[in-house]
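Generate coordinates for the entire structure from the input sequences, incorporating the hints supplied.
Numbered per this note's numbering, the sequence shown spans residues 13 to 198.
No lab work stands behind these hints, which were simulated from the structure alone.
Glycine included, each C-beta is placed from N, C-alpha and C at the ideal position.
Think about it this way: if two alpha-carbon atoms lie no more than 30 Å apart in a straight line, the pair counts; the simulated BS3-like pairs of lysine-lysine are:
#1 Lys22 to Lys96
#2 Lys72 to Lys20
#3 Lys72 to Lys15
Quick list of the computed label-pair ranges, beta carbon to beta carbon:
#4 Thr84 to Met108: 13 to 21 Å
#5 Arg89 to Gln26: 16 to 24 Å
#6 Lys15 to Leu114: 34 to 42 Å
#7 Leu97 to Gly38: 23 to 31 Å
#8 Lys120 to Leu39: 20 to 28 Å
#9 Arg18 to Asp113: 31 to 39 Å
#10 Gln45 to Ala119: 31 to 39 Å
#11 Pro34 to Pro123: 13 to 21 Å
#12 Lys15 to Leu115: 35 to 43 Å
#13 Glu56 to Asp98: 19 to 27 Å
#14 Asn99 to Lys120: 34 to 42 Å
#15 Val52 to Arg107: 17 to 25 Å
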Amino acid sequence: MGKRSREKGKKWEQKVACVLRPIFGGLVKRGIQSRDGGEVTDVEGTPFWVECKHAASTSKANPFAALEQGETATDGRPVVVFCKLDNRPPLMAVRMDLGLDLLRAWAKTAPSILRVGSGGPRKGRRSRPAPGRPPGRPAEPRAGPPPCRKTPPAPPARERPAGEPPAPVPASSPADLPPPPPPEAP
Numbered sequence: 013m014g015k016r017s018r019e020k021g022k023k024w025e026q027k028v029a030c031v032l033r034p035i036f037g038g039l040v041k042r043g044i045q046s047r048d049g050g051e052v053t054d055v056e057g058t059p060f061w062v063e064c065k066h067a068a069s070t071s072k073a074n075p076f077a078a079l080e081q082g083e084t085a086t087d088g089r090p091v092v093v094f095c096k097l098d099n100r101p102p103l104m105a106v107r108m109d110l111g112l113d114l115l116r117a118w119a120k121t122a123p124s125i126l127r128v129g130s131g132g133p134r135k136g137r138r139s140r141p142a143p144g145r146p147p148g149r150p151a152e153p154r155a156g157p158p159p160c161r162k163t164p165p166a167p168p169a170r171e172r173p174a175g176e177p178p179a180p181v182p183a184s185s186p187a188d189l190p191p192p193p194p195p196e197a198p
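Listed below in structure tokens is the structure:
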């Protein structure tokens, strides 16, 4: 694999990590990749084994092949694949059983307006274009996630002047915890 392809893949992995960070928290980051064949998830910090593929054609970014690659490498986590072809919108792929579980979980928490049967075009009715848009004109593309910004580095630790006592130990230190229960007698 050439340097340009590796850079394209690296940027895509960073973008996927950036999109997943608001969902799973600040510990989401690109996995450490190496060419020695050691298997590591492409994006760390999620409950999923994430595979990312970015290429010019489907032969290189095949979601089925990526799913199989992830399933052979996973440490037991379910596999989620993010594929991107040049000049095409990205695609997320999962096995059907995981996809149905995710849809069920979403349906429990989704607002009623987003659920099936809660509105929208009905049988026998034609949908009308939005006001101000002539018929046949496609809707404006939806904006993607906000651009990812790196968090600023933490300020340097303050040095303690000579003679100043050390900071107090937090209440959750091991010294403040109750002792473990005694072992059971046989």
